[in-house]
Structures are given as structure tokens and as C-alpha cells.
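S.K.: Let the hints inform the model, and build the full structure from the sequences given.
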Amino acid sequence: MAPSDLRRPYKRPQLSDQQRRRELSLKRQEQSRDAELHARRLASTLLSLPPEQQPSESEPEPEPEPGSSSDYDLRDASKLKGPEARKWFAKQLMLPEWMIDVPHRLPHDWYVLPRPAGKRCFVVSSDGTTISRQRNGTILHRFPSALPHGSRNRDGSGPPSYSILDCIFHEMDQTYYVIDMVCWKSYSYYNCTAEFRFSWLESKLAETKARDPPSYYHKYRFSLVPWYDCDLSGLHKAYTGEVPFVKDGLLFYNRHAHYQPGNTPLALVWKDEYCSQYVIDTDNKGQVPSHQQVVLELQDDGKVTTSDDPPVVFSCLNLEFIQQSGLESGCLLRFAIGDGGLTIVDGKLERADLHYLGKSNRARAFADTYSKIMFQNMVRGSPLRIDDLVASISSSVDGASIPDVEMICG
Amino acid sequence: MAMEITQFLLNAQAVDGNVRKHAEENIRQFQEQNLPSFLLSLAGELANDDKPVESRKLAGLILKNALDAKEQHRKFELGQRWIALDPNAKAQIRVCLLKTLSSPAHDARSTASQVIAKLAGIELPLKQWPELIEALLSNNNQLPAHTRQATLETLGYICEEISPDVIEQDHVNKILTAVVQGMNSAESNNDVRLAATRALYNALGFAQANFSNDKERDFIMRVVCEATLSPEVKIRQAAFECLVSISSTYYEKLSPYIQDIFSITAKAMKEDEEPVALQAVEFWSSICDEEIDILEEYGGEFTGDSVIPCFYFIKQALPALIPLLLETLLKQEEDQDQDEGAWNIAMAGGTCLGLVARTVGDDVVPLVMPFIEENISKPDWRQREAATYAFGSVLEGPSPEKLMTLVNHALSFMLNALMKDPNNHVKDTTGWTLGRIFEFLHGSTFETPIITQANCQQIITVLLQSMRDVPNVAEKACGALYFLAQGFEDSESSSTQLTPFFQDIIQALLDVTHREDAGESRLRTAAYESLNEVVRCCTDETAPMVMQLVPLIMMELHQTLEGQRLSSDERDKQNELQGLLCGCLQVIIQKLGSSEPTKYVFMQYADQMMGLFLRVFSCKSATAHEEAMLAIGALAYSTGSDFAKYMSEFYKYLEMGLQNFEDYQVCAITVGVVGDISRALEDKILPYCDGIMTQLLKDLSSNQLHRSVKPPIFSCFGDLALAIGENFDKYLMYAMPMLQSAAELSVQTSGADDDMIEYTNTLRNGILEAYSGILQGFKGSSKSQLLMPHAPHILQFLDSLYMAKDMDDVVMKTAIGVLGDLADTLGANAAPLIQQCVSSRDFLNECLQSEDHLVREAAEWAQLAIRRAISF
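Protein sequence lines correspond, in order, to chains A and B. Heads up: the first sequence is residues 1 to 410, going by the UniProt record's numbering. Heads up: the second sequence is residues 1 to 872, going by the UniProt record's numbering.
To be clear, the hints were calculated from the coordinates, so they are not data collected in a lab. Think of the CB as a built atom: it goes at the ideal place given N, C-alpha and C, for glycine as much as any other residue. Accuracy of the hints is not assured; some may be wrong.
[What the hints assert, rightly or not] Straight-line C-alpha distance at most 25 Å; calculated DMTMM-like pairs for lysine to aspartate or glutamate:
no. : chain 1 : residue 1 : chain 2 : residue 2
1   : B       : K591      : A       : E195
2   : A       : K209      : B       : D642
3   : A       : K27       : B       : E851
4   : A       : K91       : A       : D166
5   : B       : K591      : A       : E23
[Stated by the list, open to error] Over the 12 Å line for every Cβ pair with chain A, so calculated as not near, a few chain B residues:
no. : residue
6   : Q33
7   : N184
8   : A186
9   : T405
M.R.: Given below as C-alpha cells:
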């Protein structure tokens with residue numbers, strides 16, 4: 001181009017809408033591709049990680065070498081057993097935060113469901129078998145099921161595929177309660193909203209005989225947990241309604257949220273004495289300790305933090321103490337919160353009165369999250385009550401008739 | 001024959017069509033019968049001063065076209081053909097060409113210059129015309145001025161044609177010496193001086209070494225600056241063009257000269273003729289481009305080892321530069337807003353002001369505000385427009401804190417001006433400025449919103465009313481609405497401030513699309529684009545209104561497809577409209593398809609919609625095809641496996657899209673849609689795979705296809721392999737060697753520029769996605785061991801990537817994922833190979849410690865998979 005022909009764009013946006021349309025399509029394709037690979041890798045690991053290599057709680061294994069998860073050497077591969085698997089798996093489930101304040105617009109944007117008491121696990125069916133794995137990677141059951149390709153029964157054959165469900169196994173009635181769907185017949189639901197996943201979950205499960213009572217080719221029954229719009233009647237049904245399982249609090253899902261592995265504020269858990277037997281954490285003996293206990297992770301610089309990303313700092317140990325006690329960075333430590341409690345200024349933790357108790361149980365993969373500690377703290381003092389939830393819903397419903405400027409800004 | 005060719009060449013330019021056709025036929029036959037003799041006759045004709053100028057010129061042009069073409073592959077073929085030509089003929093042609101440079105006929109000389117440059121482009125890289133440069137340089141001072149002029153012009157063209165590494169430094173020095181000598185004020189002939197100045201423009205890229213030498217650089221800069229003061233306007237313009245080019249090529253060398261350049265450019269901006277003044281402004285715009293890039297790259301923090309330091313030229317010049325730029329704003333042309341091709345000093349000055357604001361941020365505001373305040377209410381429209389344009393220009397760059405108060409203050413003034421100012425030009429700029437306010441200062445991230453309950457209604461009322469104004473103003477109002485809507489796009493809430501007006505907005509935009517004059521000032525396009533953005537920001541509450549839009553837009557598309565007889569002009573417009581309507585449907589599909597309740601209702605239209613899209617393919621318009629293809633991709637994504645029912649009809653258009661080399665955008669989009677369809681159909685895509693793979697492989701081997709399409713084709717291999725699993729086995733023997741050679745190519749990146757590095761990373765990512773897809777596709781299959789022979793080169797590719805140390809995070813994530821997939825699918829058999837490779841140790845460690853959580857996540861998976869593979 002001759003230099004004198006140079007014209008710069010004049011009063012034109014930098015990106016044309018046509019270009020945006022192209023880019024948005026590419027982004028959709030990219031995300032779908034990533035989601036599919038992600039789901040396949042998860043399925044593959046769920047299926048083929050040998051069960052005997054999993055850590056078991058009764059037989060604690062040696063703590064990993066300091067920083068071993070990041071300083072990996074194949075020569076040591078045989079030594080690496082539990083921690084990576086546990087960390088990786090634990091991050092694959094969508095982990096609700098604890099509800100420490102009530103989200104805006106509960107009735108408009110959220111679902112509520114009663115949470116069955118039991119073991120949270122992934123259930124994967126493929127190639128004629130079904131496997132459930134808990135958060136720490138341990139196999140719970142290997143069994144035939146009526147899920148797609150979940151048993152050797154040839155009834156429901158079709159092209160090979162895998163399906164992954166997010167479940168809670170309820171010991172008493174030996175039932176898997178399905179709370180979410182990650183993958184169905186190889187189709188990944190990672191990038192779908194909760195609204196989408198929940199409605200498909202119901203219709204997909206209905207296509208199979210997974211909800212039938214146990215039989216030769218179907219060892220455990222699968223059941224759905226009822227879910228409601230989180231308006232007054234929905235909350236009431238979830239809170240007081242009859243369910244066939246032992247209730248352990250309520251789950252809240254933001255209807256627009258995708259299935260996001262790891263901790264997320266777009267799914268929340270809440271409980272009180274009425275809907276859960278386990279409101280206040282107990283110690284290893286099943287007793288409620290007189291002071292709240294927390295598990296925190298020791299960092300290089302002596303700070304002790306939660307497992308959030310980014311971590312929240314609760315305190316800082318002095319180096320002398322660390323050396324004397326033989327602690328290494330990455331250790332999980334148990335503390336009691338003393339009478340000084342937690343000092344919160346402008347919604348931020350400023351000081352915590354921590355008393356060191358010792359190293360934590362080795363089966364744990366993670367420190368507590370901030371929301372869990374705060375929820376437990378509130379439960380002991382001024383808990384968030386069902387009335388608070390009701391009040392929030394009522395005001396949100398009243399507010400809906402006037403255009404909600406404050407909502408957006410606030 | 002020689003006599004005849006003159007006649008053919010003259011006849012080929014005859015007014016009488018038959019004579020012309022006959023002559024063209026004769027020329028074609030001659031060329032086919034004996035190429036060397038044909039080319040030689042042309043060269044002879046060009047060199048012969050006894051022949052008419054018309055035939056000489058055409059002879060030169062045909063000769064040039066026999067050496068050069070626009071399309072890369074054709075150009076390459078012609079080059080090969082020349083190289084293979086009889087050496088004697090070639091030697092004689094070269095002699096003729098050089099001789100022509102001394103011809104008294106200007107047109108003959110000028111044509112010969114161009115042919116010589118094209119020939120040099122073929123021969124110099126192969127060292128086949130070693131004496132060319134020497135021959136040209138010997139055309140020195142003793143020769144007549146017109147020969148020197150032609151020689152300099154030729155040197156300039158040669159520099160434009162070839163890359164700097166082809167000419168050795170000794171020759172570069174001599175060329176520069178000759179050029180700079182020709183530019184010198186001592187040169188009395190203006191034609192020579194102009195040719196030299198233009199030649200320098202092209203030769204600047206060759207002068208790296210000379211610009212690193214203080215004395216030589218000083219000399220070149222002095223000569224260029226002197227040339228900007230020449231009495232001849234064309235020389236001044238060419239000299240400023242050199243300065244613009246120097247500003248980007250040698251930014252880091254400018255410090256000692258910037259003061260002088262400022263004085264020169266300031267004078268030119270104030271008093272010189274417009275073509276010169278435009279280049280003077282462009283110099284500063286170009287400096288802004290450089291500094292914006294540098295500041296973006298380093299985030300404002302410079303250390304001793306930053307590659308290019310920022311000299312803050314703009315910041316230093318600011319107090320003097322801003323008044324100069326503001327002054328240009330008052331030199332608008334009447335009706336420049338209705339003229340698509342307009343480019344004048346006021347437009348250039350405002351554009352530069354916008355770049356300055358982006359470069360220096362807050363500092364620009366106090367220097368511009370007094371001008372705005374003084375002029376914004378003046379009776380002369382030029383002053384009001386200039387003030388408004390200045391305001392709009394500085395809205396990007398300064399911090400929101402600096403601008404918020406001003407904007408809040410200005411908003412109602414602007415709304416009023418958009419409605420009531422008597423001058424269209426002022427209204428146009430006001431509409432644009434409102435759009436900029438919404439673009440840069442409105443959205444969910446701002447703490448104090450400028451759109452409030454109190455002013456929202458007024459804003460929308462004014463914008464909707466202005467959409468009924470003259471086309472250029474209405475177009476700006478649509479643009480402003482676009483950014484107003486965009487600010488609400490990521491609102492989580494099911495109702496926004498737009499909600500109460502949603503229906504009115506949609507109706508107003510539809511009305512605009514139906515205006516008789518919507519073809520002017522790209523008004524119709526702007527209206528559909530705004531409609532798209534409004535659709536993107538619809539919520540649960542407003543989705544039903546978007547749903548009602550579906551049959552309307554479908555009806556409009558239907559109408560464009562009804563067989564009317566149209567002139568080619570009308571057909572172009574029709575195709576443009578089809579593109580816009582398909583684009584709009586695509587946005588609607590994507591939006592409504594992403595939410596379950598709306599998707600259900602929406603799917604009732606799927607059959608009809610697909611029918612319409614397929615009919616769009618029978619029209620011949622690349623844009624319409626592209627948009628229809630994108631819409632079909634979105635539809636496939638929403639429909640899932642039910643999309644299979646459309647495949648038999650759709651397939652031929654899919655294949656057509658994959659064959660469209662010419663409009664490579666269509667091809668690229670189609671490749672993406674193959675991915676959408678494989679995910680939607682899974683193994684139901686199998687019957688179509690042979691055809692698709694054949695086409696994709698052809699695309700990859702073609703050197704006609706734009707390179708940007710190749711990475712997505714590799715990704716597409718992965719998509720197909722995931723969809724059909726082990727059935728991909730029959731394609732392995734074709735796909736794997738292609739992947740392997742592309743992989744090898746993509747790790748050789750030495751000396752690549754930024755564009756090339758970016759492309760290389762895209763290519764690597766595509767290749768890696770193919771490997772991941774293929775490996776995961778074969779997972780669990782008895783045929784998975786077919787991949788074993790390919791494992792070594794995949795691992796070697798990963799190792800070379802790691803060694804090359806120039807991956808971006810995306811490639812890193814995909815690469816480490818491939819390592820995991822390989823371990824996962826091949827298991828114990830691959831364990832020894834994996835243990836040998838560097839990737840499984842150092843690379844994996846690096847990824848495990850990455851700051852990017854996606855990289856870490858992929859690495860943790862790979863670590864697990866490897867552990868499993870080696871512990872069997």
C-alpha cells in the first residue's frame with residue numbers, strides 16, 4: 001500500500017459485530033472441546049485408577065515429602081500414592097461454599113434442595129460396569145447398574161459411552177441420590193447452566209431403569225432429590241417436606257451457574273438443628289468441643305491459611321515454634337479458636353485467637369474453607385436462621401415489582 | 001514477428017471490442033506457442049525507442065504479469081517458470097530491461113522499473129542476477145537526469161519487493177548512499193529528488209545497520225528533515241512519509257531528533273498543504289501506536305532489560321501537541337460524514353487526539369477541557385463539532401475517576417444536542433460521543449453507574465428518536481444503543497434497566513431496518529448489529545420478546561430468497577441483507593439455545609430455519625455463506641444429536657464450504673462447524689467422515705489456502721476422532737504424517753516476528769488438540785495400540801516444545817494434557833517411552849508450578865495418568 005493511502009478508522013468501533021460473532025462462535029467451540037476432553041479424562045480416571053492404591057482412613061500413610069506434589073519425579077512414582085489423587089479428585093466435584101450471608105434474589109436466581117446425609121461421590125458408568133468414587137478417590141462400590149453401559153446386560157446397548165453423575169450415597173436405604181449430572185452418554189454438561197442440567201437429569205434418568213428397585217443387573221437404586229425454585233413455598237417444601245432420606249441441611253444452586261469443579265459461591269450449603277443432626281462440627285470422638293476447631297495449612301512464610309483460592313490468612317506462626325514442633329510448609333494443622341474469637345472488620349477477617357492443637361488427621365487433603373469456618377463460628381454464636389432466609393425471600397419478592405436499581409448496583 | 005507484436009499490442013487497446021478480442025487471442029497464441037520468444041519480443045518492444053509508447057507500456061505490463069501474481073501460489077509458479085527459462089533468452093531480456101531505464105519515454109522507463117523489481121524478487125534470493133545492483137549503481141551523476149530518476153525508482157521498487165537479508169550489507173550501503181545523495185538539497189532536479197525520497201521510504205527496512213551507526217543515522221535524518229522543507233509539495237509529502245516509517249521502524253533511535261521533528265511537524269500541521277499536514281499528524285499517531293504497544297507489553301514498568309524502552313515522547317510533547325491537534329479539529333469539511341472515503345486533517349487530528357489520550361491517560365484531560373468548554377456552545381457549528389469530537393476522543397485512556405464527573409455533567413447536554421442541534425455534523429459526532437461514553441464508562445464493573453433510574457428513560461427516548469433522523473445520525477444512535485446494551489450484557493439479574501423499554505427498542509430497530517434510506521451510511525448494518533447486542537443482553541423476563549422476533553426475522557430472510565429478477569447491484573444489497581439476517585438468527589439461536597425453557601419453545605422453528613439457511617447457500621455471496629454457516633453451527637450445538645436429520649441435505653454445502661479456498665473465512669468457519677457437528681452427532685457423523693476427512697486433508701496440502709485455516713483443521717481432526725472413536729483408524733495413515741510434519745515445522749521458530757510466533761502457537765495448539773482427541777478417541781479400544789508407533793514422535797514434539805521455551809499458557813495446557821492422554825490411552829506399553837522423555841519430568845514439574853490454574857489442573861491430571869501407566 002502506498003503510504004499516502006493510509007486512513008485510520010474514523011468513528012468506528014475497534015471490533016465489528018461480525019468479528020464478534022465469529023469470535024463468540026470460536027469461543028463456544030473451544031469451550032465445548034475443552035469440556036469434552038475434561039469429562040473424558042475424569043471418566044477415564046474414575047474408571048481405571050486402581051482401588052488398592054487409594055489411601056484408607058484406618059491405615060494412614062506417611063505424609064508426602066514436602067512440596068512433593070509440585071516436585072514430581074518419576075523415580076519416586078511408586079511412593080506417590082494418595083495425595084495427588086485425593087487433591088485432583090477433590091477438585092473435580094463442584095463444592096458448595098457454606099452460606100454465611102443470604103444471596104440476593106433467592107427466589108429469582110436460585111434453586112433449593114434438601115441434602116441427603118451420606119457420602120458425596122462421583123458415579124461413572126461405562127463399558128458394562130459402574131464405579132463410585134468418593135471425594136478422596138477411594139472406590140465406594142463397583143457394581144452393575146441400569147445407567148447407560150452400567151452393566152453387562154445387553155438391553156440398553158448402543159454406541160459405547162460413559163456417563164458421570166454427582167451423587168450422595170445414603171447408607172440407610174442403600175440408594176444413590178443424584179444431585180447433579182456432569183456427563184450423560186459421553187455428552188458433557190460442564191458448560192450448561194444448573195437449570196439446564198437439572199431438567200435434563202430428570203428426563204435422562206427416566207430413559208433408563210436406574211430408578212427401579214435393585215435387581216441382578218442393578219445393584220443400587222438411583223433416586224432424584226426434589227428441587228424447587230427458592231421462593232417461600234419452595235424453601236418451605238425443602239425445609240419441612242417429607243423425604244425418604246435423612247436430611248443434612250439444604251443445598252442452594254444458582255440456576256445460571258455452570259458445573260464448576262472446586263469451591264464455588266454459586267452453590268451453597270446451609271443447615272440448622274431442624275434439618276440436620278450435624279450442625280456443629282464434632283471432634284474425632286464425636287463430641288462437640290468446647291471451642292471451635294479449625295484446620296489450616298502452613299505456608300512457607302509461617303502464615304496459616306484456608307484452602308480457598310486465594311487463601312485467607314488466619315494467623316502467622318513464629319519460625320522458632322515451627323522449627324521446634326518440626327512442622328513443614330504444606331502441613332495441615334488443627335487449632336482451637338480461643339475466647340478472643342474472630343475479629344471481623346468491614347467484612348474482612350482482621351484477627352483470630354488461635355491455639356495450636358497439633359497436626360490434623362492425615363486422611364485430610366485440604367484445610368477448611370473460609371466459609372466453613374465462618375459458618376461454624378456463626379452457628380456457635382448468632383446463626384443464620386431459617387427466618388433470615390424467609391425474610392430475604394419476602395423482601396426480594398416485594399422488591400420485584402419496582403425496577404431493581406439497587407439490586408444491580410448493590 | 002517483431003512487427004506483428006506491435007500491432008497486436010496496439011489492437012489490444014482498441015476501442016472496437018472485436019479488434020481487441022482478436023488481438024488478445026493472437027497474443028495468447030503467441031505466448032502458448034513459444035514462451036521464451038514471446039517474452040523476449042515483449043522486452044524488445046519495451047526497450048525500443050522507435051515504437052509507440054502505448055505498445056511499449058502494454059508490453060511491459062504483460063511481461064510483469066508473466067512474472068508476478070497476487071495469489072501466493074500463482075506467484076510461486078510463475079517464478080519457477082521463469083527460472084526454468086532458456087538462459088540466453090533470460091540474459092537478453094535483462095539487458096533490454098536495463099537499457100529501457102535510459103529511454104526518454106517516461107512511461108517506458110517507469111514500466112521497466114517495475115518489471116526489473118519483480119524479476120529481482122525472483123532472481124536475487126537465488127543469487128541469479130548478481131550484477132543487477134552494481135549495474136544500477138553505475139548509473140551515476142554523469143548520466144542524464146531522467147536515467148538517474150528511473151534508476152532510483154527501480155532501487156526503491158526492488159527494496160519494496162525483496163526482504164533485507166537478500167542484499168548484502170556492502171550493497172545496502174551503496175544503495176543508501178545513492179539514494180541519500182539523490183535526496184540531497186544539492187540535487188537540482190526535482191524528479192530525481194522525489195524518486196530518491198520515495199526510494200528511501202522503501203529502503204528504510206534495509207538500513208538497520210546504518211541506523212545503529214550514529215554518524216550515518218545523523219546524516220540520513222538530516223537529509224530527510226531537509227527534504228521536508230523542499231519547495232516541491234510532493235517531495236515534502238514523501239519526506240514526511242519517510243519520517244512516519246522511521247517512527248515505527250526506528251522508534252528507539254529517535255530521541256536526539258524528536259525536538260526538531262516536533263518543530264517540523266508543527267509547522268506542517270499549521271500551514272502546509274493537506275497531503276503534507278496529514279503525514280505530519282500521522283507521525284504522532286504512529287508514535288502513539290508505538291508507545292501504546294510498549295506500555296501494554298511492559299505494563300508501565302521498565303527495567304534495564306526491557307527490550308524496547310518507552311521514551312515518553314508523547315508525554316513530553318503533550319502541552320505543545322494538544323493545541324496543535326485541537327486546532328486541526330476546526331478544519332472540518334462540509335458533509336464529510338456522508339462520504340465514506342473522506343479523510344482530512346480534522347479527522348486525522350481527532351484520531352491522533354484519541355491515540356494520545358490512550359497513550360498518556362489522565363494528563364490529557366485538563367489540556368482538552370478548556371477547548372471543549374469554550375467551543376461547545378458557540379454559534380458556529382465547526383466549533384461545536386470540534387469541541388464534541390475532542391470530548392469523544394479523550395474518553396478512552398483516562399481513568400473513570402478522572403472522567404466520571406465530567407461525563408455525568410455532559411450527558412444531558414449531549415442528549416439535548418443529539419435531538420436539537422441544527423447541524424447534522426454536530427449531531428453525528430454527538431451520537432458517536434454518547435456511544436463512546438457507554439462503551440468506556442458504563443457496565444457492571446463501575447462503582448457509580450452513569451445510567452441511573454433517573455436518566456435511563458430519557459437516554460432511550462432520545463436514542464430512539466434519533467434513529468428516525470437522517471441516516472448518518474441514525475447510524476450513530478444505533479451505535480450508541482449497541483454499547484448501552486453491551487453494558488448490561490453480564491448482568492446476572494433477570495431484569496435490567498433496559499427491561500421496561502425492551503419491546504420499544506426492538507420495534508425501533510426493526511423500523512430502522514425497513515427505512516427506504518437504510519442503505520446509506522451503513523445504517524441497516526448498524527441497526528442489525530444493535531439488535532444483535534440487545535438480543536445478547538436479554539434476560540428471562542425479556543426472552544419472550546426475542547422469541548417473537550424469530551418468525552419476523554425468518555420471514556424477512558424468506559422474502560430475500562423469493563425468486564425475483566434483480567440487477568447485480570440489487571443482488572449485492574440482497575446478499576448483504578441475507579448476511580445480516582443470518583447473523584441475527586445466529587445470535588438468537590446462541591442466546592435462546594443456552595437456556596432450557598427458551599430452547600424448548602425455540603426448537604419448534606429449527607426445521608424451517610434450517611430450510612432457509614440451506615437456501616442461502618444457493619446465493620453466491622461469501623458473507624451470506626459465512627453467516628449462514630455460523631448460524632448452522634449454533635443450531636447444531638443447540639439441537640444435539642437430532643441434527644442428524646438435516647445432514648443428508650446439508651452435507652453438500654458443508655463440503656462446498658470446505659472447498660472454498662478463495663473466501664478462506666468461509667472455509668475456516670466451516671471447519672469450526674464440522675467440530676460443532678461432530679460433538680452434536682457423535683458416531684452418527686460416521687457416514688460423512690470419509691468425505692469430510694478427504695476434504696480436510698486436501699485443504700491441508702493446498703498452498704492456496706490461507707494459513708490461518710490450518711490450525712483449526714488439526715483441531716477438527718481431534719473433534720472427529722472423539723466423535724467416532726476407534727473408527728478413526730482408517731484415517732491414521734493420512735492424518736498422522738501430516739501432524740508429524742506440521743509439528744516438526746512448528747518448533748523451528750528462530751528469527752520469527754511476533755505475528756509468526758502467535759501463528760506458531762495457534763498451530764501448535766491445533767496439532768496438540770488433534771493428538772488429544774485422537775488419543776482420547778481410541779481410549780479403551782482394542783485398536784488403541786495402533787497409536788503406539790506414533791508415540792515417540794508425539795513425545796519428541798512435547799520435548800522440543802519444552803526446549804524451545806516460547807510456548808504460551810494455552811499451548812502449555814494443551815501440551816501437558818497430551819502427555820496425560822498418551823499415558824492414559826497407551827498405558828504400560830508406553831511407560832518406558834514416557835520415562836525417557838524430558839517432558840514427563842521437567843516440563844511436568846514446570847506445569848505443576850504454573851501460575852495458571854488451567855495449566856496446573858491439566859498437569860495434575862497428567863501426573864495421575866502417568867503414575868497409573870508406569871505402575872502397571
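S.K.: Confirm or reject each hint.
M.R.: Against the structure, the hints:
1. B:K591 / A:E195: Holds: B:K591 and A:E195 sit about 15 Å apart, inside 25 Å.
2. A:K209 / B:D642: The hint holds at about 23 Å.
3. A:K27 / B:E851: holds, 22 Å
4. A:K91 / A:D166: holds, 13 Å
5. B:K591 / A:E23: This hinted pair holds, its Cα atoms lying about 15 Å apart.
6. Q33: holds, 38 Å
7. N184: holds, 21 Å
8. A186: Given a closest Cβ separation of 25 Å, the condition holds.
9. T405: holds, 18 Å
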